[in-house]
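Colleague: Sequence:
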Amino acid sequence: MTGAFASHIGRIETLNETIHPMRMAQAAAMLGLGREAADTLSGEGTALPPLFHLFFTNNTSDAGALNPDGHEKLGGFMPDVTSAGPFEGKPVVRRMWAAGDISFDGHLRVGEMARRTSTITSIEEKKGSTGPLIFVNVERVIEAASGRVTEKRTIVYREPPATTAIAPESQDMPGQDGMQHHFTWHPDAIQLFRFSALTWNGHRIHYDADHCRQNEGYPDLVTHGPFTAMMLALTATGAVTGEGIAPDLRGSRVLSRFRFRGTQPLFSGRKVQLHASADFTQLEARNHNAQQAMKANAEFG
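Residue numbers (my numbering): 7 to 307.
To be clear, the hints were calculated from the coordinates, so they are not data collected in a lab. Quick reminder that beta carbons are idealized off the backbone N, C-alpha and C, glycines included. Accuracy of the hints is not assured; some may be wrong.
Unchecked claim - Label pairs and their calculated CB-CB ranges:
1. Asn22 to Gln186: 29 to 35 Å
2. Ser109 to Phe141: 38 to 44 Å
3. Ser109 to Thr169: 37 to 43 Å
4. His26 to Gly184: 39 to 45 Å
Claimed, not checked - Below, computed lysine-lysine pairings styled on DSSO-like, alpha-carbon distance capped at 27 Å:
5. Lys158 to Lys133
6. Lys79 to Lys96
7. Lys132 to Lys158
8. Lys158 to Lys79
9. Lys79 to Lys132
10. Lys133 to Lys79
11. Lys96 to Lys132
12. Lys133 to Lys96
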């Protein structure tokens, strides 16, 4: 499999963008933090809360370069997985960000110019319970004057559903023992739409319920994996507690590394329970049936 896409391994993409205060204010509004918090978070020199780098240095993806599902067409930076291997000749494939490993060195700050360098590090084919999978691993480094974020993304491609049957809302994946509940989050269609806009993510599973059901087999709008990861990271730092989300998003702990892996989808309109171990190094998001949907590890320093 690697041989089929060998020319893509090592491929590099770069993009520069100013960390703009308006987008920070919009992110605060998306989380419902209030006007004062929006003013604070958008202040010149303010350090970005964990995973807020996701709102910056994303491709503009011109309308003419999109697939029907809203993703950028394959074959540019990302390999066209329908040109060879198990998906050869398929008109479409499903894509998801399955896991991430993020390290923090210093802090990106509002007003700084950031440069993102993305590199494809590996491409692998695996067999899953629902059929073949292709994993594309991408390292993204975002650097600015005050800090650097190094992010390793695992993107997985799989076939569309073979039938028009809708997948269940919940799978039996019990959570880890010894975890304490900290916050119940209620992502809804408006919040998911706003997160998509902030990350310039056109994937229709996050805002088009008909597309979810008719084309990708989901029962409802899908909550973004990185959005769930962001909520867990904020729980790890102490910015999200049983009392709610701290308006300034500052917690008592500073992340040096954060790793996460999705285990099943979360859906709009269903509550999400955020859990953590006593030392906040192990975290978990559970769905409305208390089944594990994402697990994460946090390191501090």
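Colleague: Would the hint linking Lys158 and Lys79 be met if the CA-CA limit is 27 Å?
Modeller: Judged against 27 Å, a Cα distance of about 21 Å means the pair holds.
Colleague: Within 39 to 45 Å: is that where the Cβ-Cβ distance between His26 and Gly184 falls?
Modeller: Holds: the Cβ-Cβ distance is about 41 Å, inside 39 to 45 Å.
Colleague: Check whether the Cα positions of Lys79 and Lys132 lie no farther apart than 27 Å.
Modeller: Cα-Cα ~23 Å, so holds.
Colleague: Quick one, are Lys133 and Lys96 close enough, alpha carbons at most 27 Å?
Modeller: 17 Å, holds
Colleague: Does Lys132 lie within 27 Å of Lys96 when you go C-alpha to C-alpha?
Modeller: OK: Lys96 and Lys132 at ~17 Å, within 27 Å.
Colleague: Lys133 and Lys79: Cα distance at most 27 Å?
Modeller: Holds - the C-alpha atoms of Lys79 and Lys133 are around 24 Å apart, at most 27 Å.
Colleague: Is the hinted pair Lys79 and Lys96 satisfied, with a Cα-Cα distance of at most 27 Å?
Modeller: 14 Å, holds
Colleague: Can the restraint linking Lys132 and Lys158 be considered satisfied, given a maximum Cα separation of 27 Å?
Modeller: 19 Å, holds
Colleague: Check the following: the C-beta atoms of Ser109 and Thr169 are separated by a distance inside 37 to 43 Å.
Modeller: 41 Å, holds
Colleague: Given the range 29 to 35 Å, decide if the beta-carbon distance of Asn22 to Gln186 lies inside it.
Modeller: Because 42 Å falls outside the window, the suggested range is violated.
Colleague: With 38 to 44 Å as the target window, see if Ser109 and Phe141 comply at their CB atoms.
Modeller: Since Ser109 and Phe141 have Cβ atoms about 20 Å apart, the given range 38 to 44 Å is violated.
Colleague: Lys158 and Lys133: Cα distance at most 27 Å?
Modeller: 22 Å, holds
When held up to the earlier numbered hints, the structure conflicts with 1, 2 and fits the remainder.
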